Amino acid sequence: MDDFSALLAGFQVALSWHNVGFMAVGVILGIIVGVLPGLGGPNGVAILLPLTFGMDPTSAIILLSSIYWGALFGGAITSILFNIPGEAWSVATTFDGYPMAVQGKAAEALTAAFTASFIGALSGVVLITFVAPLVAQFALRFGPAEFFAVFLLTFCSFIGMGRENRAKIIASLCIGFLLAAVGLDSISGDLRMTFGSTELMRGFDFLIVVIGLFGVSEILLTVEEGLVFKGKQARIDLMVVLRTWAGLPRYWATLLRSSIVGMWMGVTPGGAIAASFMGYGLAKRFSKNGKNFGKGEIEGVLAPETAAHAAGTSALLPMLALGIPGSATAAVLLGGLLVWGLQPGPMLFVEQKDFVWGLIASMYLGNLAGLVIVLATVPVFAAVMRIPFSFVAPVILIVCAIGAYTISNSTFDIWLMLIFGVVGYVFKKLDYPLAPLVLALVLGDRAEDAFRQALLGSGGSLNVFWANGLVGTLVVLALLLLFWGPMGDLIAALRGKNHPKTAEAAE
Amino acid sequence: MSLPSENDAPERGLSRRPVEIATALLLIALGGLVLYDSYGRGAGWDGGPQNGFFPARIGWIFLAASLFILWNACRREDGVFVTYAQLGQVVRVLGPLLLFVALIAPLGLYVASALFIIVFMGVVGTSRWWSILLTAVLVPVVCFWIFELQFRVPLPKGPLEAALGY
Amino acid sequence: MKHHWLAAVLPLGVVAPAFAWEPTKPIEIVVPFSAGGASDQMARTIQGIIQKHQFTTQPIIVVNKPAAGGAEGMLDIQKSAGDPHKLITTSSGIFMTPMATKLALNWTDYTPVAMLAQDSFLLWVNAKAPYKSAGDLIAAAKGAATPLKIGGTSSKREDNLIVFAMEKVAGTKFAYIPYTSGGQASTQLSGGHVEANTNNPAEDLANWRGGATRPLCVFAEQKMAYTEKVADGQSWADIPTCASQGLDVSYQMLRGMFMPGKVSKDQQAFYTAMFKKVSETPEWKDYLARNALVPDYRDGEAFVTFLKADEAKHARLMTEAGFMAK
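Chains as they are written, first to last, in numbering that gives the first Met the number 0: chain B, 0 to 506; chain V, 0 to 165; chain F, 0 to 325.
Bear in mind the hints are in silico, worked out from the structure with no lab data behind them.
One thing to keep in mind: the hints can contain errors.
Unchecked claim - Chain F side only, calculated, beta carbon under 10 Å to chain B, not exhaustive:
| id | residue |
| --- | --- |
| 1 | Gly142 |
| 2 | Thr145 |
| 3 | Arg156 |
| 4 | Gln187 |
| 5 | Gly191 |
| 6 | His192 |
| 7 | Ala211 |
| 8 | Phe322 |
Claimed, not checked - Derived pair list, reagent style EDC-like, types lysine to aspartate or glutamate, alpha-carbon separation capped at 20 Å:
| id | chain 1 | residue 1 | chain 2 | residue 2 |
| --- | --- | --- | --- | --- |
| 9 | F | Lys24 | V | Glu160 |
| 10 | F | Lys228 | F | Asp135 |
| 11 | B | Lys428 | V | Asp36 |
| 12 | F | Lys24 | V | Glu10 |
| 13 | F | Lys275 | F | Glu319 |
| 14 | F | Lys78 | B | Glu224 |
| 15 | B | Lys428 | V | Glu160 |
| 16 | B | Lys427 | V | Asp77 |
| 17 | F | Lys264 | F | Asp135 |
| 18 | F | Lys284 | F | Glu300 |
| 19 | F | Lys51 | B | Glu224 |
| 20 | F | Lys276 | F | Glu300 |
| 21 | B | Lys427 | B | Glu198 |
Note that this is a predicted model, so its numbers are computed, not measured.
For every residue, glycine included, the Cβ atom is placed at its ideal position computed from N, Cα and C.
Modelling step: build the complete structure from the supplied sequences, incorporating the hints.
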């Protein structure tokens with residue numbers, strides 16, 4: 000109850016006129032940096048940081064965290080419209096978001112993505128509000144073996160074993176793992192697979208690969224059909240928002256599942272990227288419409304967005320309570336805290352009560368403000384699809400090149416993006432699935448690090464992966480998910496044998 | 000430009016099998032490279048996995064999968080990978096794009112963008128010359144304003160920007 | 000903010016400069032470590048101080064380039080020879096990364112600006128652990144069936160060297176587990192996933208104050224100087240040296256600033272003067288005290304002499320430990 004009154008006091012602070020103004024400014028700036036692949040939350044925060052020195056810490060953190068919310072919302076926009084994920088956690092949003100845009104349902108997809116983000120973020124904030132200390136303690140139980148088990152679970156829930164194309168799924172997954180391994184190996188401190196090149200030493204940045212594989216290759220595929228956008232024209236007005244909302248309650252199970260997955264992954268901290276893939280994978284497996292996933296199913300937009308944002312928000316909890324930033328933007332926020340002499344860590348909740356509760360209150364309000372603002376922009380962004388292709392395509396390609404360049408200020412990376420664009424084009428035409436590649440690229444080296452850290456600690460014994468209840472449960476769950484498909488087939492086959500006549504009759 | 004005609008006769012184009020085979024061979028070569036590098040650094044178990052352990056295991060699986068793909072490619076029925084008409088379209092985008100990326104280093108990103116827009120819109124050929132020129136000037140200027148001036152993100156610059164004092 | 004809008008409009012050189020050279024663009028501080036670590040915290044503190052006191056009119060941007068054990072950041076500075084708007088925070092990594100990876104990097108290709116402080120290393124254990132001194136930990140390590148786990152940052156770097164030295168002095172084996180940051184090593188220690196870590200004061204401060212971890216001893220010849228109480232009724236100065244507990248290992252790490260090579264004397268002088276001013280601000284002194292850094296400001300010849308001696312020391316340590324790239 001003490002916490003609750005502290006939260007109310009926090010709301011009073013956050014709801015003052017100038018703080019609401021800061022929120023709006025922060026969210027809009029955040030959306031801009033979220034939409035442009037060359038800019039990220041850190042750029043926005045870095046510009047505003049000097050401005051905030053004159054403010055009291057609470058106003059300042061409200062302004063800065065609003066950029067974070069805006070950037071989170073903004074990442075989905077380019078994923079849906081152009082198949083270019085602005086942030087790693089928007090990759091899974093492209094799987095169904097972009098096909099929806101192609102079918103002329105860009106506005107619905109955007110509305111679904113934004114609403115799902117809001118629901119996810121809200122569940123994350125509720126978690127932070129009511130069970131913060133408890134949850135922070137839970138995060139401490141994750142050692143290397145547990146981390147590895149979480150990554151394994153993500154892979155298994157997303158990949159499973161489809162029946163078609165098994166060799167190509169495996170090849171694609173392997174490419175992702177191998178790309179992730181290029182560069183410095185943090186466990187041994189040696190360089191791997193760089194063949195003496197200083198450019199390769201940096202490894203393959205995820206965003207460059209994704210901009211190429213998804214964005215550039217999609218433009219190449221589009222032009223095959225003629226130099227126009229695939230997107231059908233659709234009447235767009237703000238009523239779309241209400242119509243889409245009316246359909247959402249039907250997907251409560253997916254929203255709930257993704258929220259839980261997201262919160263759990265955010266705290267553990269498996270992170271928003273893993274959460275978005277896992278949310279998508281589980282929805283595909285357990286939803287009635289699972290077969291339509293990848294063809295423009297609205298549930299395929301809701302699932303990853305909810306999970307990513309629940310995770311992104313919950314991830315602020317370990318940052319505040321333990322001082323570990325979950326993302327680059329969170330890291331800059333952390334820097335902001337340090338500038339004001341606030342030391343994140345277990346004592347922050349005790350020593351800086353007003354500040355912490357002001358921040359938590361601003362999470363509720365900042366997300367609400369963000370939702371209102373992004374929904375208002377839906378018609379604007381959906382209308383982008385009507386601009387002539389000959390104008391939009393070069394602009395997209397230029398912005399992609401800028402995005403690839405800014406990651407590490409290297410023109411080599413623009414070439415890399417182009418190469419991956421051609422690779423993506425060929426792979427898509429030859430039915431190599433790209434999603435496993437991207438997943439393995441993002442999580443592969445982290446999974447390997449965790450695996451090797453665990454083995455270093457256990458003296459090389461694999462027993463460490465079922466040494467306690469937590470890690471054992473995770474591993475068993477992972478294997479269960481991996482063999483869900485084949486087991487289902489087997490059960491169906493057995494049934495078929497036992498009751499051949501009923502099976503025939505059913506057909 | 001003529002859209003692919005919709006008659007029953009199969010259109011002429013690059014067939015799928017050689018592309019499948021070439022891709023599979025490329026992947027096999029990549030797998031070989033990975034194995035060479037990993038075993039060169041040690042792919043064994045020295046009180047825990049050595050740093051080549053993982054890439055080597057992944058490399059073997061990768062090699063096996065690629066060989067299977069190769070075998071499948073030779074066995075399966077052939078089809079059309081891309082028709083020549085479609086390939087033409089792709090080249091009309093890829094060509095200017097290659098030019099753009101190649102020009103970034105010597106001319107800077109902004110000038111290269113302007114040239115890219117002129118060539119691209121010219122090749123596509125659906126816009127009037129003045130709208131092409133306007134786009135070619137405005138887009139780089141807007142990019143410059145956003146990235147260099149507002150967000151202070153330095154992008155590659157060439158002789159023109161240097162002459163203007165940036 | 001206001002100035003930044005104006006700067007975009009006004010031609011340069013209108014304001015008469017107080018120095019022979021002043022920055023005309025935003026200044027980038029490259030941190031060759033990931034966000035949240037000790038180097039990153041220092042860079043962001045400096046960023047705050049410079050902007051608050053307006054030591055320069057240009058904005059300061061902190062950029063993290065952690066790939067390849069900091070080599071990414073160092074290569075970036077190497078490539079930016081002649082660019083006077085870049086700085087890099089450095090630690091002993093400036094010697095160790097080239098030694099461990101065989102990359103063609105050398106600090107003599109950069110321009111030394113100033114050394115700001117020296118950082119200590121401590122032996123930390125979980126607050127609930129039974130160890131009262133370093134001696135207890137060593138005794139436990141000798142009696143353990145599998146080697147005790149000690150966490151640290153990166154492989155073949157400072158923490159790894161310390162653990163290697165501990166093994167040599169104590170005559171036992173440890174399982175050194177490399178994490179990507181000191182913050183992670185601290186969290187893993189508070190979760191009981193490792194027995195000890197060798198973090199800097201700043202990296203474990205939050206968990207010490209939160210009652211999750213506690214220091215056993217400091218790897219230095221003398222105790223630390225800060226006598227203000229931090230946690231458990233103890234101050235940094237109350238922590239005994241490891242040598243006094245029978246673990247004769249000492250190691251300290253420089254924290255300093257470099258510029259790319261081939262910059263002019265005036266440009267170097269501007270930054271040296273700026274960091275001299277930074278080192279005299281009350282905020283900086285607060286920062287040093289909060290993180291228990293040893294104040295040790297050096298510039299010019301004094302800095303270069305220090306660097307040469309430190310490089311020779313690291314070459315010897317790295318060779319002994321077998322961390323040199325073959």
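### Task
Report the numbers of all earlier hints that the structure fails to satisfy, in ascending order.
Hints 1, 10, 11, 12, 13, 14, 15, 17, 18, 19, 21 contradicted; others consistent.
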